[in-house]
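Asks: Read off the chains here:
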Amino acid sequence: MSELTLLLIRLAFLALLWFFVIAAVGVIRTDLFGSRTTTAAPARKAPKPVKPAAKPKKGEPRQMVVIGGPLEGTTITLSETPITIGRANDATLVVSDDYASSRHARLFPQDGQWIVEDLGSTNGTYLDRSKVTRPTPVPLGVPIRIGKTVIELRK
Amino acid sequence: MSTPSVEPVPLPAKRRLAQLAMLAFAVVIVMFAYANVGLAIDKQIPSGMLTYGLSLGGFMLAAYLVLAKFAPWADPLILPLVTLVNGLGLVMIYRLEQSKAFGASANTQLLWTAVGVVLFSVTLIVLRDHRALQRLTYTAGAIGLLLLISPLLPFIGKNINGARIWIEIPGVGQLQPAEFAKLALIVFFAGYLVAKRDVLALAGRRLLFIDLPRARDLGPILIVWGFSLGVLILQKDLGSSLLIFGTFIAMLYIATQRTSWVLIGILLFVGGAILAGMVFEHVHARFEVYLNPEDPELFQKVGGSEQLMQGLFAMATGGILGTGLGQGHPKQIPLAISDFIFPATGEELGLTGLMALLMVYALIVQRGLRTSIAARDPFSKLLAGGLSFILAWQVFIIVGGVTNLIPLTGLVTPFMSQGGSALLANWILIALLVRMSDAARKPPPQAIQDEGMTQVFQR
Chain A
1 MSELTLLLIR
11 LAFLALLWFF
21 VIAAVGVIRT
31 DLFGSRTTTA
41 APARKAPKPV
51 KPAAKPKKGE
61 PRQMVVIGGP
71 LEGTTITLSE
81 TPITIGRAND
91 ATLVVSDDYA
101 SSRHARLFPQ
111 DGQWIVEDLG
121 STNGTYLDRS
131 KVTRPTPVPL
141 GVPIRIGKTV
151 IELRK
Chain B
1 MSTPSVEPVP
11 LPAKRRLAQL
21 AMLAFAVVIV
31 MFAYANVGLA
41 IDKQIPSGML
51 TYGLSLGGFM
61 LAAYLVLAKF
71 APWADPLILP
81 LVTLVNGLGL
91 VMIYRLEQSK
101 AFGASANTQL
111 LWTAVGVVLF
121 SVTLIVLRDH
131 RALQRLTYTA
141 GAIGLLLLIS
151 PLLPFIGKNI
161 NGARIWIEIP
171 GVGQLQPAEF
181 AKLALIVFFA
191 GYLVAKRDVL
201 ALAGRRLLFI
211 DLPRARDLGP
221 ILIVWGFSLG
231 VLILQKDLGS
241 SLLIFGTFIA
251 MLYIATQRTS
261 WVLIGILLFV
271 GGAILAGMVF
281 EHVHARFEVY
291 LNPEDPELFQ
301 KVGGSEQLMQ
311 GLFAMATGGI
321 LGTGLGQGHP
331 KQIPLAISDF
341 IFPATGEELG
351 LTGLMALLMV
361 YALIVQRGLR
371 TSIAARDPFS
381 KLLAGGLSFI
391 LAWQVFIIVG
401 GVTNLIPLTG
411 LVTPFMSQGG
421 SALLANWILI
431 ALLVRMSDAA
441 RKPPPQAIQD
451 EGMTQVFQR
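In order, the protein sequence lines correspond to chains A and B. Heads up, the first sequence is in the numbering used here, so the first residue is 1 and it goes up one at a time. Heads up, the second sequence is in the numbering used here, so the first residue is 1 and it goes up one at a time.
The set of hints was computed from the structure by calculation and includes no laboratory data. Accuracy of the hints is not assured; some may be wrong.
Said to hold, decoys possible - With a straight-line Cα cutoff of 27 Å, these simulated DSSO-like cross-link-like pairs (lysine-lysine) come out: (1) 100(B) / 442(B); (2) 148(A) / 131(A); (3) 131(A) / 442(B); (4) 131(A) / 155(A); (5) 14(B) / 69(B); (6) 301(B) / 131(A); (7) 331(B) / 301(B); (8) 442(B) / 148(A); (9) 158(B) / 196(B).
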């Protein structure tokens, strides 16, 4: 085995080692740059059935109605001020519910739409069936679940 | 965001295929290294290359299948990275065996690897939900303590190479219980800190620029400190002592986000180490070697600086590109199979190879910390953080030791050094990380079944 061959093998081996490291970084690229899979994922999961009620209607919501839970029937008229929901006394809608956090979620208007935002609650806020992970627009008639309480926006 | 459709939660991909490909890649690299050693030493491809490579590949495939079945959402990188480090360790041990280095046996290490994979699988299969460990907080603490002091017990405890860290199990051989103790202790620390972190994080007052905890909350840190000093003094095991205390400090910091704990910890440890250096001969000798390794008198002395210097010479010989596998003289380094496998590798792979190796370690740790960030409950966060930290900390202590950055302490390089206990314990550690990354990456329970009504759990 000549010196040259051994030298080449040596260099090839080191190159291979680094190639492995780079390949490994490539696998976790998504973690580092938060990349394409996020844009690809919704396309793949497009067939997920969306409730017919989720279709937007013309006009802006005027009131927020509690349609489930202990406070069922409560109505809050929507103005331009944000609405907070939680167990804390200063919340707009005070729920007494073991499954709700003291500052659970917030609803605020933006460009004619109402946006729901989870405020780091323990048990999460659900818009229709999916967990609210970032501020999400709320269509009319789609239930928002906070603990045992269900609310929806109506005209 | 103009269409008011309901945003689906983006799911992390399973990346099973990527994992399999990386796993195959790792095995190929290891086989290539093996062939390289044979070509350099015997001028031919070693006859055992296929059996050796295939058995390693077989073990890893088995581990992969268990992982795919029992932890399908687990991180795709952890297993391939560990495979590569373990495989390179095997190649180095094979290579040292070829040059008749004392105690090197590639077959034994391959066998331990197999046992390690079995333990990995058993951990994954038995432990379906790692949060079960939280209920065992104090049990784990007791087991950890017991394992740690077991070498001090008469009859089963053994003193090898000046450190009393071994126990002899008749019929099985020797074990280093401290390796397993550290896992149990991390479980204990995680469970304990979850319960107590509020008081440790919040109570206290501000002095100058730092939040000081209350004096009475210093209890836990003082106990662990005294405990690690006990290990240092009674078992003469610098490495485990530093490892346990450092990990506790790091976990305390993760739990409380309070810098003052780290400062207190460093002060305590430095104080303890200086005190121990003045009082105890074996600690003092380590400091001497650390400060003046090139002193001829120390070099000649038995247990002096020869080992360290030979390691430094080896890495200097390796230079940037190394001498090539099988073409160095790692046999010159005493104990090149265990504590000093890193300089031995450095001689043959050079700085380029060592950096790649450290990158692989860094990636393993990164995956662990990433798991910790993604984990949903504080216990998992602390456990994953602690386990990844101890791996990083161990690599730092041993690599810092052999490069004379810090005083040398007898610790093994995770997954590379020859030795069953460390390998088995580290495979269990990896299984725990895999289990937690599975739980962290699994998509959260999506829908509440009943339309329009919230699901109510009966209590």
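Asks: Taking the hints in turn, state whether each one holds.
Replies: Hint check results:
no.: 1; hint: 100(B) / 442(B); verdict: violated (48 Å)
no.: 2; hint: 148(A) / 131(A); verdict: holds (15 Å)
no.: 3; hint: 131(A) / 442(B); verdict: holds (14 Å)
no.: 4; hint: 131(A) / 155(A); verdict: holds (24 Å)
no.: 5; hint: 14(B) / 69(B); verdict: holds (12 Å)
no.: 6; hint: 301(B) / 131(A); verdict: violated (67 Å)
no.: 7; hint: 331(B) / 301(B); verdict: holds (19 Å)
no.: 8; hint: 442(B) / 148(A); verdict: holds (25 Å)
no.: 9; hint: 158(B) / 196(B); verdict: violated (37 Å)
Of the hints listed earlier, those the structure fails to meet are numbers 1, 6 and 9, in rising order.
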